[in-house]
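One-letter residues, chain by chain:
There are 4 protein chains.
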Amino acid sequence: MPRPPGHGPGYEIKRQEIIDRAAELFARKGYAATGINEIGGAAGLTKGALYYYIGSKENLLVEIQSRVMRPLLRTARRIARLEVDPVLRLRLLSEALLSIILRRLDHIWVYEHDYRMLGGDNRTRLLRQRGEFEGIISNLLAEAMDSGEFREMNPRLAMLQFLNMHNHTYQWVRPDGRWDAGYLSREYCATLFTGFRAAPGPVDDLEERVLKFREQHPEIVLDPLEGGETEA
Amino acid sequence: MPRPPGHGPGYEIKRQEIIDRAAELFARKGYAATGINEIGGAAGLTKGALYYYIGSKENLLVEIQSRVMRPLLRTARRIARLEVDPVLRLRLLSEALLSIILRRLDHIWVYEHDYRMLGGDNRTRLLRQRGEFEGIISNLLAEAMDSGEFREMNPRLAMLQFLNMHNHTYQWVRPDGRWDAGYLSREYCATLFTGFRAAPGPVDDLEERVLKFREQHPEIVLDPLEGGETEA
Amino acid sequence: MPRPPGHGPGYEIKRQEIIDRAAELFARKGYAATGINEIGGAAGLTKGALYYYIGSKENLLVEIQSRVMRPLLRTARRIARLEVDPVLRLRLLSEALLSIILRRLDHIWVYEHDYRMLGGDNRTRLLRQRGEFEGIISNLLAEAMDSGEFREMNPRLAMLQFLNMHNHTYQWVRPDGRWDAGYLSREYCATLFTGFRAAPGPVDDLEERVLKFREQHPEIVLDPLEGGETEA
Amino acid sequence: MPRPPGHGPGYEIKRQEIIDRAAELFARKGYAATGINEIGGAAGLTKGALYYYIGSKENLLVEIQSRVMRPLLRTARRIARLEVDPVLRLRLLSEALLSIILRRLDHIWVYEHDYRMLGGDNRTRLLRQRGEFEGIISNLLAEAMDSGEFREMNPRLAMLQFLNMHNHTYQWVRPDGRWDAGYLSREYCATLFTGFRAAPGPVDDLEERVLKFREQHPEIVLDPLEGGETEA
DNA sequence: AATGAATGAGGGTTCATTCAT
DNA sequence: AATGAATGAACCCTCATTCAT
Numbered sequence: 001m002p003r004p005p006g007h008g009p010g011y012e013i014k015r016q017e018i019i020d021r022a023a024e025l026f027a028r029k030g031y032a033a034t035g036i037n038e039i040g041g042a043a044g045l046t047k048g049a050l051y052y053y054i055g056s057k058e059n060l061l062v063e064i065q066s067r068v069m070r071p072l073l074r075t076a077r078r079i080a081r082l083e084v085d086p087v088l089r090l091r092l093l094s095e096a097l098l099s100i101i102l103r104r105l106d107h108i109w110v111y112e113h114d115y116r117m118l119g120g121d122n123r124t125r126l127l128r129q130r131g132e133f134e135g136i137i138s139n140l141l142a143e144a145m146d147s148g149e150f151r152e153m154n155p156r157l158a159m160l161q162f163l164n165m166h167n168h169t170y171q172w173v174r175p176d177g178r179w180d181a182g183y184l185s186r187e188y189c190a191t192l193f194t195g196f197r198a199a200p201g202p203v204d205d206l207e208e209r210v211l212k213f214r215e216q217h218p219e220i221v222l223d224p225l226e227g228g229e230t231e232a
Numbered sequence: 001m002p003r004p005p006g007h008g009p010g011y012e013i014k015r016q017e018i019i020d021r022a023a024e025l026f027a028r029k030g031y032a033a034t035g036i037n038e039i040g041g042a043a044g045l046t047k048g049a050l051y052y053y054i055g056s057k058e059n060l061l062v063e064i065q066s067r068v069m070r071p072l073l074r075t076a077r078r079i080a081r082l083e084v085d086p087v088l089r090l091r092l093l094s095e096a097l098l099s100i101i102l103r104r105l106d107h108i109w110v111y112e113h114d115y116r117m118l119g120g121d122n123r124t125r126l127l128r129q130r131g132e133f134e135g136i137i138s139n140l141l142a143e144a145m146d147s148g149e150f151r152e153m154n155p156r157l158a159m160l161q162f163l164n165m166h167n168h169t170y171q172w173v174r175p176d177g178r179w180d181a182g183y184l185s186r187e188y189c190a191t192l193f194t195g196f197r198a199a200p201g202p203v204d205d206l207e208e209r210v211l212k213f214r215e216q217h218p219e220i221v222l223d224p225l226e227g228g229e230t231e232a
Numbered sequence: 001m002p003r004p005p006g007h008g009p010g011y012e013i014k015r016q017e018i019i020d021r022a023a024e025l026f027a028r029k030g031y032a033a034t035g036i037n038e039i040g041g042a043a044g045l046t047k048g049a050l051y052y053y054i055g056s057k058e059n060l061l062v063e064i065q066s067r068v069m070r071p072l073l074r075t076a077r078r079i080a081r082l083e084v085d086p087v088l089r090l091r092l093l094s095e096a097l098l099s100i101i102l103r104r105l106d107h108i109w110v111y112e113h114d115y116r117m118l119g120g121d122n123r124t125r126l127l128r129q130r131g132e133f134e135g136i137i138s139n140l141l142a143e144a145m146d147s148g149e150f151r152e153m154n155p156r157l158a159m160l161q162f163l164n165m166h167n168h169t170y171q172w173v174r175p176d177g178r179w180d181a182g183y184l185s186r187e188y189c190a191t192l193f194t195g196f197r198a199a200p201g202p203v204d205d206l207e208e209r210v211l212k213f214r215e216q217h218p219e220i221v222l223d224p225l226e227g228g229e230t231e232a
Numbered sequence: 001m002p003r004p005p006g007h008g009p010g011y012e013i014k015r016q017e018i019i020d021r022a023a024e025l026f027a028r029k030g031y032a033a034t035g036i037n038e039i040g041g042a043a044g045l046t047k048g049a050l051y052y053y054i055g056s057k058e059n060l061l062v063e064i065q066s067r068v069m070r071p072l073l074r075t076a077r078r079i080a081r082l083e084v085d086p087v088l089r090l091r092l093l094s095e096a097l098l099s100i101i102l103r104r105l106d107h108i109w110v111y112e113h114d115y116r117m118l119g120g121d122n123r124t125r126l127l128r129q130r131g132e133f134e135g136i137i138s139n140l141l142a143e144a145m146d147s148g149e150f151r152e153m154n155p156r157l158a159m160l161q162f163l164n165m166h167n168h169t170y171q172w173v174r175p176d177g178r179w180d181a182g183y184l185s186r187e188y189c190a191t192l193f194t195g196f197r198a199a200p201g202p203v204d205d206l207e208e209r210v211l212k213f214r215e216q217h218p219e220i221v222l223d224p225l226e227g228g229e230t231e232a
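Chain order of the listed sequences is A, B, C and D. With the UniProt record's numbering as the guide, the letters of the first sequence map in order to residues 1 to 232. With the UniProt record's numbering as the guide, the letters of the second sequence map in order to residues 1 to 232. With the UniProt record's numbering as the guide, the letters of the third sequence map in order to residues 1 to 232. With the UniProt record's numbering as the guide, the letters of the fourth sequence map in order to residues 1 to 232.
Any given hint could be a false lead.
When chains are identical, the list treats them as one kind, so a pair holds in a single copy or across two.
[Said to hold, decoys possible] No farther apart than 25 Å at their CA atoms in a straight line, the calculated lysine-lysine pairs in the BS3-like style are these: (1) Lys212 / Lys29; (2) Lys57 / Lys29; (3) Lys14 / Lys57; (4) Lys47 / Lys14.
What the hints contain is simulated information worked out from the structure, not anything from laboratory work. Bear in mind the structure is a predicted one, so any value in this text is a computation, not a measurement.
Take the sequences, apply the hints, and build the full model.
In structure tokens form, the structure reads like this:
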């Protein structure tokens, strides 16, 4: 999104560096709580010079969102088009998603936290892109259900489970190399896809046991908001 | 400056109402981007009167965190002490957690997003409480592994999967009654606990197929950050 | 200055106690920087109740000024009327002044610092009273000059020297009993009255030496605001 | 947030002008009672622009204190090092002190009144500097006593008398040229040094007369706080 | 004799942004 | 390509005071 008509050769490089610094700061302190001054300081520029590169604070946010969304969507589209088993495609998509989460951790923080700070158009566009990404996953899950690899489920809920599992990772993972995308993807997919597969497993009487427990202990209220101090 | 020693009967009621309004606003716009003026306006009070009730903006944040953390932790402790199978206890905990997420949705938004805005002591205390909650889940998972109901897994990663699945729900669920805690808990636990159970399932050759795919298609780079524009 | 038409017996007592507490706080933190809340807290009253006793914050200031000015002026008038030597009367006045400074130290702080916070009428009245006090001293000094005990001086400057010496004491004296009014008065008067007395003393060539020093060292500039870094 | 790294040529000039205006206002109304808005108005700047120059309100106070303390201390050190008679040095110091009082009258008001508004570090530093200044005077007085020019006195009390006499001047002197530093210094030093000199003078029976007066008139209570309304 | 609640103006400070140079 | 200076709105918070009860 170049604004002034003509730029020198270093323009885009410096611009990208500023966005990097901004992502770090936004991730650490939040978009709203980070001042333009701090960004300028981190990038070694005065406020005035900063505006030559960025146009506005919200632009920075837009760019950071794009840096996550654009490669993610591009890769998701390519994976979706591969001519292999849908479960395998989901597994590849899982790893691609985790890969970007782990390597652009601060961008992801901003992406997950501050997308609601975007104004009208920017926000709409982002939500449309997220919708497309979710659609790709839903389609793959539907394919796996159609082929009998996964049991029949609410497809939207299955997609949401997939995203819950992956997208919340940014909250606790640290960029210290202790976790890598391949390992996490293996583990997540082992859990999810076993849980999604067709044959019922040995824990399937769990819901009956829940009901029985509630019948036998009607006095125990486990609703967190119901008080329940009586048993103390 | 401690709150005045005595309050009228309406004080606590109004105070709670203010916290409610603040939670709505913080959830919608973020803590840092919500002004004290807006909160006053939403509560029908002038700024001065507002401060008679709240003491400080951060206090509001603390109260909102407490309204999530206190009942959650209390219920989690009670469930952990029940003398039933650990898998059943995890299922009950799942439902309790989802119950609070669904019914205090805006509090959860704030809880998940803005805890980092808390200053020193408040933050430390909150993190300690979160640690305790995570410990309870870890212990239940460890019990289930010891009893052979779940296979041996990295206990921390299992706990994190459990929390990923549940805690990300606030991002997409709407308080419109379309989803209820019991249903979501059943579905989440069906997926997770089948995935966690001891016997390997029929998708266990997935990882071999991943490796094979990569061998056979070394030219396909699926790393989102590796460029990969060549195929465009 | 009782305001409500009828009071119970404890009214004036409590009122005086409030003024005491206010004087302490004003002395320690300054009038403008002390809040009504603090005064209420120190007096064990809520803000509302406080106003029942004091009427306004400025009223407190007026009362504190009066507590200094009224006894001081009354005593000064009595001393002035005594039929003894003016130097003796000055000595008695000195001790009376120091006595009130030492025993109402916090009132004096407020009296010296914050009289300029008084609004129109209150301020005018206070300045008139101060003028009367200064007049009493001036008259005594003039009497002493007329009688030949003191040499002829600018009477206003002599009075100002007398007041400088005494009134600045509050800045460094502590209410710990290390200094007492009698001792300080003896010392101050020994210095002042010897200095004021008629006969020139052995240091009277000092001014000549000052002039000679300046002639002999014209390059040494001792004016604090003249730079003078040259000699560094 | 340090001041921006570079400033234009007018920056320091404008900054000094702002400090001037602030000193006037602080002197007239007191530091705590003067608003940032007023300062901005007096300097012809909006609040935002004002902060570009000053950083904080307390900074202004610090600068004003420095403008008094720095030249005063520098000059005092230079005078102390002169190789002339200690009494002459005291006389030069007296004039330097009065010179700064008369020419920076509003700064002195602030210096004397509002140093207690300084926060921790700034206050500590200032008090240390005041201590050094007092030490210089004490040393000169001690030298004069050792050389026999002054009689033996409590050295701290002698220093305090010197400072009382000089430092209280700001309370009544007007910047109208009616008084000048040389004249005041001559008069003050004439009084003080004659009072301090070795030989006892003709008023030295004053204390005996005080005692005799009290014996002969035991019914006359001259303590300002002892009631004494009886004679009214 | 005292309270709890409210007001509204003002406190000091930081904000994102603009623009002439 | 970048700066220093300015703006003006908004920031969170505290103030002295009032008044029905």
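Hints, verified against the model:
no.	hint	result
1	Lys212 / Lys29	neither (47 Å within a copy, 43 Å between copies)
2	Lys57 / Lys29	both (15 Å within a copy, 17 Å between copies)
3	Lys14 / Lys57	within (16 Å within a copy, 31 Å between copies)
4	Lys47 / Lys14	both (14 Å within a copy, 21 Å between copies)
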